[in-house]
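Asker: Chains as they are written, first to last, in this note's numbering: chain Y, 513 to 753; chain H, 551 to 807.
Since the hints were made in silico from the structure, they are not lab data. Glycine included, C-beta positions come from ideal geometry on N, C-alpha and C. Possibly wrong hints are sitting among the right ones.
Derived list of chain H stretches under chain Y, where covered just means 3 residues or more per stretch with a C-beta under 8 Å from a C-beta of chain Y [as the list claims (entries may be wrong)]: (1) 684 to 695; (2) 744 to 758; (3) 766 to 772.
Simulated restraints, written as ranges between beta carbons of each label pair [to be verified]: (4) H:A677 to Y:P578: 38 to 44 Å; (5) Y:G542 to H:S745: 49 to 55 Å; (6) Y:S536 to H:R760: 23 to 29 Å.
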Amino acid sequence: MSLIAIDDLHFAWPDGTRALSGVSLTVEDGRSLGLIGRNGAGKSTLLLHLNGILHGWGAVRVQGRPVEDWPADDLRATIGLLFEDPEDQLFMPTVLEDVCFGPLNQGLAPDEARGRAMAVLDSVGAAELADRAPHHLSAGQMRRVALATVLAMQPRVLVIDEPVMALDPEGREEVIALLAGLPQTKIIASHDLEMVLALCDEVAILDAGRVPAQGPARELLADDALLRAHGLRLPPSLRNG
Amino acid sequence: MLAHDLLDTWAHLPSPVHRLDARVKLVCATALVVAILATPVARPWLLAAYAAMLLAIAAASGLPAGWIAKRLVILAPFLVLGTIALPFVPPTETADAWQLAGIELSRGAALVWLSVGGRCLLALLAATLLTGATTSAALLRAVGALGVPRTLTALTGFAITYLAALGDEAGRMMTARRSRGRVRGLGRNLRVAASMLATLMARTVERAERIALAMVARGYRGRMPALTSERAPAAEVVAAVAFVAAVAAVFWLGVRA
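Work out the full structure: start from the sequences and follow the hints.
Answerer: Given below as structure tokens:
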């Protein structure tokens with residue numbers, strides 16, 4: 513049984529714009545799936561279905577159970593969602609309070625939440641930022657703290673939208689190394705195919721709200737014709753043979 | 551400099567005032583402001599005593615005098631207007647008349663005005679020292695710890711964060727506009743300003759939606775969770791009690807005298 517199974521998922525925004533038109537894909541436990549596709553392909557919309565924030569028509573199953581049958585708190589503790597813009601993810605006055613937000617909502621006692629938050633901040637190399645205001649951090653620091661806010665909820669699956677966007681090369685390398693060291697099942701939506709190649713076992717291409725191809729990352733990311741057909745290009749390390 | 555960098559500019563200095571627990575500072579500042587505002591008009595020297603206290607705190611805090619002065623300037627229009635109006639209040643009797651540079655003023659009215667202006671200025675100085683020597687996050691936590699509803703402090707926190715972010719965004723839009731040449735004519739300028747405002751509002755709503763999604767994704771169910779703060783150090787609590795007692799004693803002695 514796949515950890516996550518999506519079957520024929522459709523979704524349209526209230527203004528009638530169709531975002532998903534029959535998405536089907538699976539993610540196995542402990543694996544990493546890269547979700548790639550051109551702008552407006554529906555990647556972010558699809559991610560919001562995984563922890564029940566959006567509800568379309570079709571089936572989304574986590575651990576074999578339809579998401580609508582999950583208690584919302586349990587589902588959000590199982591699927592950790594990291595947003596594209598860390599400024600949207602960080603909203604509390606200090607980093608520590610932000611990282612504690614999820615654990616406190618899970619019912620942890622304040623001391624326990626504080627302990628867990630500090631441990632997670634330490635694991636992402638951001639313990640010294642605990643008392644800082646999130647909106648005063650650099651882009652790289654914000655990314656690490658945003659990741660900590662999700663890890664503090666101890667999710668089984670990490671769903672990450674564009675984790676290295678707008679980072680300098682050093683910050684990008686740091687975040688990739690950090691994500692590579694995490695044991696959770698991961699779904700990573702990105703245009704950065706080099707990063708997807710480094711982090712993901714499998715890749716699913718999303719185009720016009722459908723998944724025309726899903727398969728091993730090394731195989732799909734080396735298929736120039738397939739990538740070009742869906743508005744993508746070979747990652748630099750796979751060019752020229 | 552980004553707009554949000556203007557907040558908490560001097561809140562991280564290593565002074566003894568900065569190191570104090572925010573709740574202790576909040577209680578002391580509140581006591582001082584209440585005493586200042588309650589000072590009777592007939593006791594101007596009481597204000598001098600409070601001013602001395604505030605100046606000592608300001609010196610201990612190490613906050614730049616220029617920065618403090620800039621924050622006090624907000625009172626200037628009120629003080630100037632009141633001063634201009636003063637010669638138009640006639641003396642009630644001969645004993646009330648007061649000659650100043652050839653202008654006849656009502657002594658009673660001038661004393662009331664000095665007292666009101668002085669009280670406002672000192673209360674604002676107390677608030678400036680409190681907010682200057684405390685981070686906005688610590689101040690919000692202190693306000694929450696002293697019983698202000700969590701929803702209110704959370705909303706204030708959002709306002710501080712996102713008004714600053716909005717200010718930064720507006721600044722970037724202005725730069726982008728300027729970099730594409732000068733807009734000529736008042737009408738065109740107003741149209742550009744209106745469209746920028748509309749864009750800012752639309753972006754604000756979109757950002758609010760994204761933040762709400764991020765909160766829901768981390769288990770938010772309509773009630774803001776709070777980290778309970780550690781206890782304030784006993785020595786600081788004792789110092790706060792002593793400070794409030796001193797303020798009360800000065801007030802009581804002053805009013806009785």
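Asker: Work down the list of hints and note, for each, if the structure agrees.
Answerer: Now the hints, each set against the structure:
Beta-carbon proximity to chain Y at under 8 Å applies to 5 residues in the segment 684 to 695 of chain H; the threshold of 3 is reached and the given coverage holds. With 1 residues bearing a CB less than 8 Å from a CB of chain Y, the segment 744 to 758 of chain H misses the requirement of three and the coverage assertion fails. Under the rule that three or more residues need a Cβ within less than 8 Å of chain Y, the assignment of the segment 766 to 772 of chain H holds, with 6 such residues. Range check, A677 of chain H to P578 of chain Y: about 55 Å between beta-carbon atoms, so the 38 to 44 Å window is missed.
For G542 of chain Y and S745 of chain H, the Cβ-Cβ distance of about 51 Å falls inside the hinted range of 49 to 55 Å, so the restraint holds. Our hint of 23 to 29 Å for S536 of chain Y and R760 of chain H holds, since their Cβ atoms are close to 27 Å apart.
Checked against the numbered hints given earlier, this structure breaks hints 2 and 4; the rest are met.
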